[in-house]
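K.L.:
The residues making up each chain are set out below.
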Amino acid sequence: MASSEPVMKISHLYKSFGNNHVLNDFNFELYKGENVVVLGKSGSGKSVLIKCIIGLLKPDQGTIEVFDQCINDMDDADLDKVRARVGFLFQSNALYDSMTVRENLEFPLRRHWMEVSQEEVNQMVTEALEDVGLAHTIDMMPVELSGGMRKRIALARTLILKPDIILYDEPTTGLDSITGSEIISLMIEIKKKYNTSSLIISHDMNCVRRASDRVVVLYDGTCYATGTYTSLQNHTDPKVKQFFEQDFKQ
Amino acid sequence: MSNETRLQAFLSEAGELSRFAARFVSQCLRPRYEVAEFIRQCYIIGYQSLPLVGLTGFIMGLVLTLQLRPSMVDYGVESQLPAIVGIAIVREIGPVITALIFAGKIGSSIGAELGSMKVTEQIDAMEVSGTNPFKYLVVTRVMAAICMLPILSVLSDAISLYGAYLGVNVRGATSFHLFWVEVVDSLAFNDVLPAFIKTFFFGFAVGIIGCFKGYNSKKGTEGVGHSANSAVVLSSVVIFILDLLAVQITDLLGFN
Ligand SMILES: Nc1ncnc2c1ncn2[C@@H]1O[C@H](COP(=O)(O)OP(=O)(O)O)[C@@H](O)[C@H]1O
Ligand SMILES: [Mg+2]
Chain A
910 MASSEPVMKI SHLYKSFGNN HVLNDFNFEL YKGENVVVLG KSGSGKSVLI
960 KCIIGLLKPD QGTIEVFDQC INDMDDADLD KVRARVGFLF QSNALYDSMT
1010 VRENLEFPLR RHWMEVSQEE VNQMVTEALE DVGLAHTIDM MPVELSGGMR
1060 KRIALARTLI LKPDIILYDE PTTGLDSITG SEIISLMIEI KKKYNTSSLI
1110 ISHDMNCVRR ASDRVVVLYD GTCYATGTYT SLQNHTDPKV KQFFEQDFKQ
Chain B
324 MSNETRLQAF LSEAGELSRF AARFVSQCLR PRYEVAEFIR QCYIIGYQSL
374 PLVGLTGFIM GLVLTLQLRP SMVDYGVESQ LPAIVGIAIV REIGPVITAL
424 IFAGKIGSSI GAELGSMKVT EQIDAMEVSG TNPFKYLVVT RVMAAICMLP
474 ILSVLSDAIS LYGAYLGVNV RGATSFHLFW VEVVDSLAFN DVLPAFIKTF
524 FFGFAVGIIG CFKGYNSKKG TEGVGHSANS AVVLSSVVIF ILDLLAVQIT
574 DLLGFN
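Line order of the protein sequences matches chains A and B.
Just so you know, we're using our numbering here: the first sequence kicks off at 910 and counts up by one.
Just so you know, we're using our numbering here: the second sequence kicks off at 324 and counts up by one.
Same shape as in the complex, but just chain B (with noise of 0.2 Å):
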């Protein structure tokens, strides 16, 4: 392919996807509201993707105070262990590898599940059996994935921070409640906010993007192949996108 083909196709994926979006969000103002699908798709993707989200925080926690802490100890800072290492975690740690453990499982999910409804005619099965396949499929699964990477979020930054208690205790010098005492003082409501609001749009980005890849997949198992992994590639790239944006918006907004 020329430069200006790529250049092209490029386009036009992304205007595709914009108008993806845009027909998200006219449909789901719009009844009927499938409800229980929706509870279906909340527990398939938060409730059961808890356990790996909250190890991989844990591990980041431990790992991340275990690598800081004979630098701090240098310094001879090391009594400011927690306050950075919750800083750390809750503005930008927690929430990205949160949302990037989120894209590699739900995001994949959907783009698979998706593309092979759509090869297997499944999708157009449902559109002649009396429902909107857009709304049955994209909404619900967007709605939970927006609903639930922010409390996936919270969770994981809670995990990882006891992980990172256990860091800062591996001499046994703190306690629980100390560690706890020092890493709230840190964090302002500055630091928390944003990094709440964002992963709303993680959320956004996963779910719309798999579901944008498993839709238009193309005939062949090779097709739902590559929904799956585009899908991951893409909202893996596009959180980076967002965090950059993130930090600008929240920057101008003077929140920092």
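Bound-form chain A, shown alone (with noise of 0.2 Å):
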């Protein structure tokens, strides 16, 4: 199902805060219509991956490439080109509080293409609503929303620009088990149905094993091991296998 064209390209990735190495020499290539799961301890650095992905932060050394363009000096405005097709889900999913869930959505569209019209605003917010299956809350703010719908909605607002390439911040994480698997589901659906790549951070091995078509596993800053789920499942090294003894405990 993975072609053989990289979709996103990262090559020699360093990033320390102060004393703390948190990414040394991490490499990795996403391809096009992959699900690839980076698994790694709490504050192992998966975050501050994909926030340098995004340009969020700055890498210290290394290149990323996303769409065969280097990200790295890019100015805001081809930043913002690049930013429109890569959607981004948060940890703690970022909805704005001050605005309903209408707004919460719109808002990508209108700050990314300006020209689009309101009846094309309207379906666009209409469909991707009907993706995550909460067409009716969309005149409610997102306090008044469960944490899964709420979840929900911030995946629906990475959707509406109908991105090349999602990456999900530990979406599982705070959820029950049962909300998790739905979300995970969804994942799996919206996948299908857009034939985007994914890059999704987690520590969750439901969500591993669902999710993922390879898995990466993130420790000391680097790309410690790479391959399937069956794979590593039976990997020896002990650094690996926490990860898959940890499951079976649960």
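These are computed hints drawn from the structure, not numbers from a lab.
Glycine included, each C-beta is placed from N, C-alpha and C at the ideal position.
Some hints here could point you the wrong way.
Stated by the list, open to error - Computed footprint of chain B on chain A; a stretch qualifies when at least three of its residues, placed anywhere within it, have a C-beta under 8 Å from a C-beta of chain B:
1. 1001–1010
2. 1015–1021
Unchecked claim - Okay, derived cross-link-like pairs now, DSSO-like style, lysine-lysine, Cα gap no bigger than 27 Å in a straight line:
3. K1102/A <-> K1150/A
4. K950/A <-> K428/B
5. K458/B <-> K541/B
6. K950/A <-> K990/A
7. K950/A <-> K458/B
8. K967/A <-> K1101/A
9. K1100/A <-> K918/A
10. K1102/A <-> K990/A
11. K1150/A <-> K1071/A
12. K542/B <-> K967/A
13. K967/A <-> K990/A
14. K428/B <-> K967/A
15. K1101/A <-> K941/A
16. K918/A <-> K941/A
17. K990/A <-> K458/B
18. K941/A <-> K967/A
19. K967/A <-> K541/B
20. K542/B <-> K428/B
What the hints assert, rightly or not - Listed next, with one range per pair, are the computed distances between beta-carbon atoms:
21. V556/B <-> T1035/A: 44 to 50 Å
22. Q350/B <-> M1050/A: 28 to 34 Å
23. F976/A <-> R342/B: 30 to 36 Å
Both chains are sitting in their own frames, so use the hints and assemble them into the complex.
P.N.:
Given below as structure tokens:
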């Protein structure tokens, strides 16, 4: 299912905060139509990694290419063009508290493409909400929604620009296991429907097992091991094994 | 914390705040201009503060007059009451009290709002949605504070003077017209203009400090509370410092 053209290529990425060396020579490629899970312990630099990819953090060294364009030294206007094609689902959802669901979804649309007509906007909002099964919440405020619903709305806001790549930052963390499962199903459905490539950050083994075509273990700031879920499951290295053993205990 | 590290922390915070203010200046000159959001913020920051500012102004004017009256009667200069009260309100009490109330209401709400947007990644979300969050959130709010505080302050002066009129008039001695004429007669251009100009700086201080504290909020709900709180404390202190500077500067320039 994955084709051979990479949509994202990260080479020799370094990022540190003072003496805290978070990423040390991280290398990675994401191919079209592929779901890759980056597995790592809490505090291992997973969020830092995807924030570098979307240009929220500047790497110290190394290059990040998205759609064959190097984003390191891009100016804001070009970066915005890339960002319009890359969706980002934040760990804390980042829904705008002061706006209704509709306004939340309209925000990226209006900001990225100023010339969209009102009917088109309405139609895109409705479609994105239907994709996540929450069309009835359109006029609600984020505080009125449950945790799972908020995650779905955040996903709808990510989907509204029909991104080619979606970056998920711990999509199931903080949700109960049933709601988490629903989110995972939704992610798989979306990938099928729009043929997007996804980079999913997680330490939820259920998410890793169901959503991944390929798994990358982030350890000590590098890409420590990579392979399919089953191949890593039988890995002998204790640093890789620990993630899977924890799964059996639960 | 030892005194030395405290001093260091203070200086580095002052440096950060100056850099934040410089960034505001450079960003507000360059397009794109967030006009719609600016107008919305003017409504929230200005119009919605009006009842509070009006009420406190009214009470200040009334109380000040009632407090001054006995002494003025003792000295036999009761007829000077409108002039004295007018000068006190317009030169000092009106602008400063309005700015302090404004710091309490607007400084804390900006600090808390931006702080919670920061910790829940809403600011990052804006940035990836084709929006410069500094322009959209900070420039609009600071500009609205700069524009609204002078207006609020003038309105508060007027309401305060009305309160003062009621205070003067407890014995039913003065007509409103006469009171007004006496106040206006006692006020010179030199009383009004410096007082008006300093409110722009007060507005800037409240806006920029609220935004600075919120924008640099630490993770967690405690961080948000702390941002709101320290925004009010710092901007209130800065208002007094600016007031002190303003009186020195007007003195130097010979407006007194
Ligand atoms: N803006 C920042 N400033 C300083 N340190 C940071 C910053 N962001 C992240 N870190 C540090 O980087 C490390 C990795 O953080 P993060 O990527 O958020 O972990 P996680 O893998 O749980 O998402 C942590 O030690 C964190 O303290
Ligand atoms: Mg994280």
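K.L.:
The structure should be examined with respect to each hint, and the outcome stated for every one.
P.N.:
The hints, checked one at a time:
no., hint, verdict
1, 1001–1010, "holds (count 7)"
2, 1015–1021, "holds (count 4)"
3, K1102/A <-> K1150/A, "violated (33 Å)"
4, K950/A <-> K428/B, "violated (42 Å)"
5, K458/B <-> K541/B, "holds (21 Å)"
6, K950/A <-> K990/A, "violated (32 Å)"
7, K950/A <-> K458/B, "violated (36 Å)"
8, K967/A <-> K1101/A, "violated (32 Å)"
9, K1100/A <-> K918/A, "holds (20 Å)"
10, K1102/A <-> K990/A, "holds (23 Å)"
11, K1150/A <-> K1071/A, "violated (36 Å)"
12, K542/B <-> K967/A, "holds (20 Å)"
13, K967/A <-> K990/A, "holds (17 Å)"
14, K428/B <-> K967/A, "violated (36 Å)"
15, K1101/A <-> K941/A, "holds (12 Å)"
16, K918/A <-> K941/A, "holds (12 Å)"
17, K990/A <-> K458/B, "holds (19 Å)"
18, K941/A <-> K967/A, "holds (25 Å)"
19, K967/A <-> K541/B, "holds (20 Å)"
20, K542/B <-> K428/B, "holds (23 Å)"
21, V556/B <-> T1035/A: 44 to 50 Å, "holds (47 Å)"
22, Q350/B <-> M1050/A: 28 to 34 Å, "holds (30 Å)"
23, F976/A <-> R342/B: 30 to 36 Å, "holds (34 Å)"
In this structure, the hints that do not hold are numbers 3, 4, 6, 7, 8, 11, 14, in rising order.
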